[in-house]
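Colleague: Sequence:
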Amino acid sequence: MSRATLAPKPFTAASVITLLNAIDRHVLGASAAIAFRSALRRKGIEADAAGGLQALDTLMDEVADADPDRADARTALLRSAWTDLLPATAGRTRT
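Heads up: the sequence shown runs through residues 22 to 116, numbered per my numbering.
If you are wondering where the hints come from, they were derived from the structure by calculation, not from laboratory data.
Treat the hints with caution; some may be incorrect.
Pair ranges (Cβ atoms, derived) [stated by the list, open to error]: (1) Thr33 x Ala56: 30 to 38 angstroms; (2) Pro89 x Thr33: 26 to 34 angstroms; (3) Ala43 x Asp90: 30 to 38 angstroms; (4) Ser52 x Pro108: 30 to 38 angstroms; (5) Val48 x Leu74: 29 to 37 angstroms; (6) Glu67 x Pro108: 16 to 24 angstroms; (7) Glu67 x Ala94: 29 to 37 angstroms; (8) Ser52 x Gln75: 12 to 20 angstroms; (9) Gln75 x Ala97: 27 to 35 angstroms; (10) Ala51 x Gly72: 27 to 35 angstroms.
Predicted model only: the values in this text are computed from it and were never measured.
Ideal placement from N, C-alpha and C gives every residue a C-beta, glycine not left out.
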């Protein structure tokens, strides 16, 4: 087996949730929140490169399903971080 075969997928729902939790712990605009948001953006870029819009949608669904009480806020934050990776249609909603 090659190292690539053994390497974990870098954009799991758990990794995205960890970043969202880290962002929540900091004041908006704090340097730590900005750094975590940049990491969240990179996760989106990695997911998009690996699976396109389907991968991003799957991640958003998994994150929302993990905590239904925070689903709307988390989905909004993901949409904000991944805005240029998602279609421009404002009416697009999570299914």
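Colleague: Determine for every hint whether it applies to the structure shown.
Modeller: Checked hints:
1. Thr33 x Ala56: 30 to 38 angstroms: 20 angstroms, violated
2. Pro89 x Thr33: 26 to 34 angstroms: 19 angstroms, violated
3. Ala43 x Asp90: 30 to 38 angstroms: Given a distance of about 19 angstroms, which is not inside 30 to 38 angstroms, the answer is violated.
4. Ser52 x Pro108: 30 to 38 angstroms: 31 angstroms, holds
5. Val48 x Leu74: 29 to 37 angstroms: Cβ of valine 48 to Cβ of leucine 74: about 32 angstroms, so the range 29 to 37 angstroms holds.
6. Glu67 x Pro108: 16 to 24 angstroms: Because 19 angstroms falls inside the window, the suggested range holds.
7. Glu67 x Ala94: 29 to 37 angstroms: 23 angstroms, violated
8. Ser52 x Gln75: 12 to 20 angstroms: 33 angstroms, violated
9. Gln75 x Ala97: 27 to 35 angstroms: 20 angstroms, violated
10. Ala51 x Gly72: 27 to 35 angstroms: The hinted range 27 to 35 angstroms holds for alanine 51 and glycine 72, with Cβ atoms some 32 angstroms apart.
The earlier numbered hints that this structure contradicts are 1, 2, 3, 7, 8, 9.
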